[in-house]
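Participant: Residue-level listing of the chains:
There are 2 protein chains.
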Amino acid sequence: MSEANQRIVFVDIPKGMPGPESFRLEPAPRSEPAEGEIRVRAILFSLDPYMRGRMTGRKTYVAPFEPGHPLAGYGIGQVVDSRAAGFSPGDLVVSPALKFQSASTGPARGFAKIATREFPLSYHVGVLGMPGLTAYVGLLDIGGPKSGESVFVSAAASTVGALVGQIAKLKGCRVAGSVGSEAKRRYCVDELGFDDCLDYRAAERLDQAVAQVCPGGIDVYFENVGGPLLDAVLKYINVGARIALCGMISQYNLERPEPIYNLIALLAKRACIQGFIITDHEQRRPAFLADMTAWLRAGKIRYREKVFEGFESVPEAFRSMLSGGHLGKTIVRVAADPD
Amino acid sequence: MSEANQRIVFVDIPKGMPGPESFRLEPAPRSEPAEGEIRVRAILFSLDPYMRGRMTGRKTYVAPFEPGHPLAGYGIGQVVDSRAAGFSPGDLVVSPALKFQSASTGPARGFAKIATREFPLSYHVGVLGMPGLTAYVGLLDIGGPKSGESVFVSAAASTVGALVGQIAKLKGCRVAGSVGSEAKRRYCVDELGFDDCLDYRAAERLDQAVAQVCPGGIDVYFENVGGPLLDAVLKYINVGARIALCGMISQYNLERPEPIYNLIALLAKRACIQGFIITDHEQRRPAFLADMTAWLRAGKIRYREKVFEGFESVPEAFRSMLSGGHLGKTIVRVAADPD
Chain A
39 MSEANQRIVF VDIPKGMPGP ESFRLEPAPR SEPAEGEIRV RAILFSLDPY
89 MRGRMTGRKT YVAPFEPGHP LAGYGIGQVV DSRAAGFSPG DLVVSPALKF
139 QSASTGPARG FAKIATREFP LSYHVGVLGM PGLTAYVGLL DIGGPKSGES
189 VFVSAAASTV GALVGQIAKL KGCRVAGSVG SEAKRRYCVD ELGFDDCLDY
239 RAAERLDQAV AQVCPGGIDV YFENVGGPLL DAVLKYINVG ARIALCGMIS
289 QYNLERPEPI YNLIALLAKR ACIQGFIITD HEQRRPAFLA DMTAWLRAGK
339 IRYREKVFEG FESVPEAFRS MLSGGHLGKT IVRVAADPD
Chain B
39 MSEANQRIVF VDIPKGMPGP ESFRLEPAPR SEPAEGEIRV RAILFSLDPY
89 MRGRMTGRKT YVAPFEPGHP LAGYGIGQVV DSRAAGFSPG DLVVSPALKF
139 QSASTGPARG FAKIATREFP LSYHVGVLGM PGLTAYVGLL DIGGPKSGES
189 VFVSAAASTV GALVGQIAKL KGCRVAGSVG SEAKRRYCVD ELGFDDCLDY
239 RAAERLDQAV AQVCPGGIDV YFENVGGPLL DAVLKYINVG ARIALCGMIS
289 QYNLERPEPI YNLIALLAKR ACIQGFIITD HEQRRPAFLA DMTAWLRAGK
339 IRYREKVFEG FESVPEAFRS MLSGGHLGKT IVRVAADPD
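Protein chains in written order, with our numbering: chain A, 39 to 377; chain B, 39 to 377.
If you are wondering where the hints come from, they were derived from the structure by calculation, not from laboratory data.
Since we're looking at a predicted model, the values are computed, not measured.
A hint or two may mislead.
Copies of the same chain look alike in the list, so a pair counts if it fits in one copy or across any two.
To be verified - Pairs of lysine to any residue, SDA-like flavour, derived with a Cα cap of 20 Å: (1) K273 / R96; (2) K273 / P297; (3) K97 / G255; (4) K97 / N291.
Given the sequences, and given the hints that come with them, work out the whole structure.
Facilitator: Here it is, written out as structure tokens:
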């Protein structure tokens, strides 16, 4: 990996799936920390589906990436210079808005110190970070599953989906999921302990496939995907069902969203769809961290990563993440973990 | 009005809007009350939009009407014979499942006695009955509006819609609505005190019309209509918006429901759509009756009825109700109120 200060710049709003032309590798300017700032050498970055939503030029719940400016997202680094109280060179830090560059300088309040090396550093942007908190809050607080209820999760082999399914099992639910390949289907059933799982690419009729893996109907649906799968699920929700709307990854690359026809089911079934954004739920982090570290220690949660190497890999990693091209949390590593 | 025992029978599942061929007037059989039963002479019936849902042959949240059997719904009558404790001839009663026939016999537990003549009898199937409770629970419990918030209601001149708008005003909200004629628009603004109202039939673009009458966005949407209006509203909901899904009257006569494209707004806005069915909320009736009678006495709620006369009027009344052909609660009167 290069020692030079590099960065990945967002080039322009893509149509459909972002390709290599959406990103540019270029030298990064260097700046010294001002009072209250720290300089951080990047170690690894997380790629997450919500980042596609920042490439539309429209303000949603996060500001759009600006063309010509570096990508930014969840990342981990090491402090190399500090003019901020409480931060010293050598500290390991995580940020929700780390610029995709070799080193960057910014206000210390944008960073949190990583207190423990008990787990791999990368876990702090994955199972112990935003995706973990998303699964925990979305399932338990928004979905509110009770023991014995039927939980269905889309993108079940994704970072969030895999955690949702496993937490639901720990809470005594029957769990089924939807994925896009036979390998992922087996991963969910054989490795993660799902009761059943469908491969939507192999399904002749999506609604029948949902009915088949959820024979008792659906009490809680954790939605990552949107589109026709949501429409199929609506046909099989039970009375009082809760749909936790976490994402609609199938829709992010479309010019026009796909239609939904079966919303009237919400009426007959007194059901709800509740959208949520994880940054609204920061107060749940302590409970989440206590539970999740305990589950990890006890071997009750399985967790995989797919590591891409170097800034050069960002376009490929991004495409692979959005298209479901690999198993495991998408990590771009630009430096080795320090000792 | 005829003295003979007549009834209105549901003929068969209509395609689209139910026409005269969907109903048949015929002589009704007579039966004497058994132990625990009462015989009730019908005075008036309520026609409500949910009844269309019972004409599809599919079980939804109420059993479908059976071809060849009488229609049934909310109705008011007078006891003429009783073999049930607590009921005497002359008692005025209301039932959620009164057969559309001149007189009928059934278990007393299907009836509630009307304790007060302070208000017109018909109010007990309207502003003080199911539609009133629906507006009250749907707005206050499901929608949860706070003073100063923006409330939007579809079918705003309907029985439920008009009450939703007025209750929201009493709670300090800014209220706008959607209706299907200029006369209804004026009714909402001039008579019911809405802040603004759109006529969807006159709107060139529905989404622009919604934006115009809700300049500050929408915090609570009380949904009676479904279809393109819901899609338009989704574009203008505020962060944390609540959509109380009470009905989708625009969809009931369609072979296939209309598509919804903008559900992704629920995500960015952390909003929810919650379906509800009023029969789940019986425990709120005492609070509702206390508030609503106080509001009526104080002249704070305006309420209109459209009375159709005789069983012969049922097909016309039903069509007029479903198509928005008149202002006010739809009542079919088959006998005069007793003194």
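Participant: Now, for every hint given, state plainly whether the structure supports it.
Facilitator: Verification of the hints:
Taking the shortest alpha-carbon separations for K273 and R96, only the inter-copy value of 13 Å comes in at or below 20 Å, while the best intra-copy value is 32 Å. When the C-alpha separation of K273 and P297 is checked against a cutoff of 20 Å, the pair qualifies both within a copy, at 15 Å, and between copies, at 15 Å. Proximity of K97 and G255 under a CA criterion of 20 Å is satisfied inter-copy only: 16 Å between copies versus 37 Å inside one chain copy. In this homomeric assembly, K97 and N291 come within 20 Å of each other (Cα to Cα) only inside a single copy, at 16 Å, whereas the closest approach across copies is 38 Å.
Violated hints for the displayed structure: none, as all numbered hints are satisfied.
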